[in-house]
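> So the chains spell out like this:
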Amino acid sequence: MTNKISTAMFFGYLTIGSSLFFTLTGAVGFIASFAFVRIIYGSVKLD
Amino acid sequence: MGFEAEPFSVKHTYEKPYSSSKPVLETCNPGRMKYVTYDDPPQEVRAGEEIIFTYDVLFTPSDIKWASRWDTYLLMTDTQIHWFSIVNSMMIVLFLSGMVGLIMLRTLRRDITKYNSLETPEEQAEEAGWKLVHGDVFRPPTNAGVLCVLVGTGAQVGCMFTITLIFALAGFLSPANRGGLMTASVILYVAMGFVNGYVSGRLYKQVKGMDWRWNTLCAAFAFPSVIFVVFAALNTMIWGQRSSGAVPFGTFFLLIFLWFGVSAPLVFLGSYLGTKAPVSEDPVRTNKIPRQVPKQVWYMANFWQIAVGGVLPFGAIFIELFFILTSLWLHQFYYIFGCLGIVFTILCITCAEISVMLTYFQLVAEDHRWWWRSFFTSGSSALYLFAYGCHYFSTKLEVRPFPLTTHRLCDCPYSYQKGRLTSDCLRNTRYERLTLSAFTIR
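Going line by line, the protein sequences match chains A and B. In terms of the numbering used here, the first sequence opens at residue 1 and continues consecutively. In terms of the numbering used here, the second sequence opens at residue 48 and continues consecutively.
So here's chain B without its partners, still in its complex pose:
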């Protein structure tokens, strides 16, 4: 997509008398296949001279694909910072992988050889370390059902995000069409309800849960209703403001339909299949009476382990997070899906590694309550994400009264964006209210 403007100076002649509504030109007439060329006599500038302005448009096909038509305009200006972001994440993942590799290959192998070479009961009685808690590690945790639902939802979000990314990378979702990206995410989220049901159902059976119907219901409705309540509250608020940013009634009901009519049945189906599928037996028998957990050193307490666990996954993404927040709130285009894909992969690896590592330390310290902690260890990065969002809000965003915003928003470097934003602004003015585009870069 692009155009070239070529000026010509032509002394136009026309069939007299001149009709202002339908002039018939002799020098420029598509009906007679007469186009303006450089051979035409130029227009002289003299007092009292008549000047006729015309234009020709010549369309030439290009070999640029439709999906990548915006790429010229979206060329990154700050490639460096994205590379920095990727290098930063890579460092974190290398550091962690080194640690985990060390544990896996040296310590763990040594442990296992040692444990397996102990023959006599006396020797076994003296042993220490993670083997001691073997009778307790597979005891289902308290509130196992909630854990299953959360893990199922996490799997759903993960699949949704992965597939959306793949689509975006394949060029199906043009970044110029932000609504398309959003729609695709919502539809994929709904479709991935199946994964949610399957994972939570399977895990629920693994932890010997009794009431799988209740679990399925929770998987289908608990987490989505939290999201829905927040979403509906926000939407009601902007409805009250008669803003064009509000989701219209039709879309609202469509969302409810997608939730109850598509997502919930898929969760049920997934849960049914997950519960039917055979689960593997626990490798170790669980003791009847829980073993007492020895007194732990201060840094092995839940609080510290969880607080430390979230830092690294967050550290792997926080530079990219800046661009995502900026694209969402300041109407910038986010289009570097390749970068996002790399960072997302690194995030998943980091989460897995940090959680495995801290679980290992916990078991070595003979603390067998690892279920919930392993979830919170990596999950706590969400707290850091929230805190970063607050920081971003207080330093980068400034809520301004409307007219100023109009000026700033229309001050965009790209002309096509200008067109779009101006129309946004006009629409906003008509409602005489501010929608969420009322942020500017400080």
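Here chain A stands alone, though its shape is the one from the complex:
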């Protein structure tokens, strides 16, 4: 009974933590790529 609750607590908080971590790392990667793409396409000459 209590084991189940402790396990649920662990995985619940792990899920919250991982999803926060997901948005954080994803956002950092995305913003960097976004800036990168804008820079490289901004520096080529196009007709």
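Worth flagging that the hints you see were computed from the coordinates, not collected in a lab. From the three backbone atoms N, C-alpha and C, an ideal C-beta is built for every residue, glycine too. Certain hints may be false.
Here are the simulated distance ranges between beta carbons [said to hold, decoys possible]:
#1 B:E174 <-> A:F11: 47 to 55 Å
#2 A:G42 <-> B:V276: 23 to 31 Å
#3 B:L375 <-> A:G42: 41 to 49 Å
#4 A:F11 <-> B:R289: 19 to 27 Å
#5 B:K161 <-> A:A35: 16 to 24 Å
#6 B:V344 <-> A:A35: 21 to 29 Å
#7 A:L46 <-> B:A324: 48 to 56 Å
#8 B:L302 <-> A:F11: 15 to 23 Å
#9 B:Q343 <-> A:G12: 33 to 41 Å
Knowing the structure of chain A, use the given hints to seat chain B on it.
Below, chain B without anything else, positioned relative to chain A:
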């Protein structure tokens, strides 16, 4: 903070008759400014002798700051492993920076010079590489709104974490007061709703989203409600167990108030300002019809790129992760915020570099669907984090029935911790239930 105990042997004399509730001693009496010294006659040990025990407490001011009063007790015993962790992360970041530097400085410069020197249309028709997809890279992706919300939330979490770290490093948040750290994080998370609104609103305008009201609502409520549902479910469960570990009703409503009353308005405000701010034009015009993506080699498929992308950011943090998990679940103190700061910085650099690098390879392969992939490339490290958590759970944590846990928890090396933990244990016993402190190190 510290104390010295100094034993004295003193033959005490007192005003007769002896009153056990209010004895008046002649040899030790603060009212008469009489303190015990080495000059007092020592106590002889003889049969039938009367012995009176007394103590004096002398407070001396120290030049240790209040915030760092625990430092003596918190001195690291395993400095080496933290250094190893930092060196490990440094290696990863150096390796990646080398790769990215190579791409940026050599390949990219060569590409740009080559592209810009091509004059005739025939020459341009023959060109290959990332320039070919210029008409497609800025086409907004499918579900652009969801991406905006996720990026906004990520920015919010990042700002919250950075500021909390700065506060902790400056000594405002003592590690001895774990609740303080938690409270500060929650308050900062709520305050950073502004950043969330601003970033997601701005990005939404950049991808030419039409329905910015809906986007703002999602930014304010979508992600927090996921967290809240999990949190509320867990809390209800431990309420059912009448455990003291449950968040009380008052705090629960305070959290709801902070969410709807403070965080949401801040998101709206940020979103309003972000949408009002002018966005820069895309450097390249987007074609009407999407270019067909050529058949990709197997390792350029979404699955492999994303799976590989997460490894390095995770590799940069996983040693530190062990300490964080241990501090959260085994009631150890986490106080090496300097280390955490370095590792966090390295994590951000690694995420940015791996994502930029893989996006570059993707564009070179003439695949222009980089929006979501660049997010998932570094975001997939969260999957590794989850998997590591599961591994940690199965190998390092052992759920034991309560009495054993009491014994182990009270077996702590620090006396002040002992006091705190014992009272925790007592409280638990009173509820006759196990709270989440029921883990021991195997």
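> So, for every hint listed, does it hold in this structure?
Structure-based check of all given hints:
no.: 1; hint: B:E174 <-> A:F11: 47 to 55 Å; in the structure: 52 Å, holds
no.: 2; hint: A:G42 <-> B:V276: 23 to 31 Å; in the structure: 42 Å, violated
no.: 3; hint: B:L375 <-> A:G42: 41 to 49 Å; in the structure: 44 Å, holds
no.: 4; hint: A:F11 <-> B:R289: 19 to 27 Å; in the structure: 22 Å, holds
no.: 5; hint: B:K161 <-> A:A35: 16 to 24 Å; in the structure: 23 Å, holds
no.: 6; hint: B:V344 <-> A:A35: 21 to 29 Å; in the structure: 27 Å, holds
no.: 7; hint: A:L46 <-> B:A324: 48 to 56 Å; in the structure: 27 Å, violated
no.: 8; hint: B:L302 <-> A:F11: 15 to 23 Å; in the structure: 21 Å, holds
no.: 9; hint: B:Q343 <-> A:G12: 33 to 41 Å; in the structure: 38 Å, holds
Violated hints, in rising order: 2 and 7; the structure is consistent with all others.
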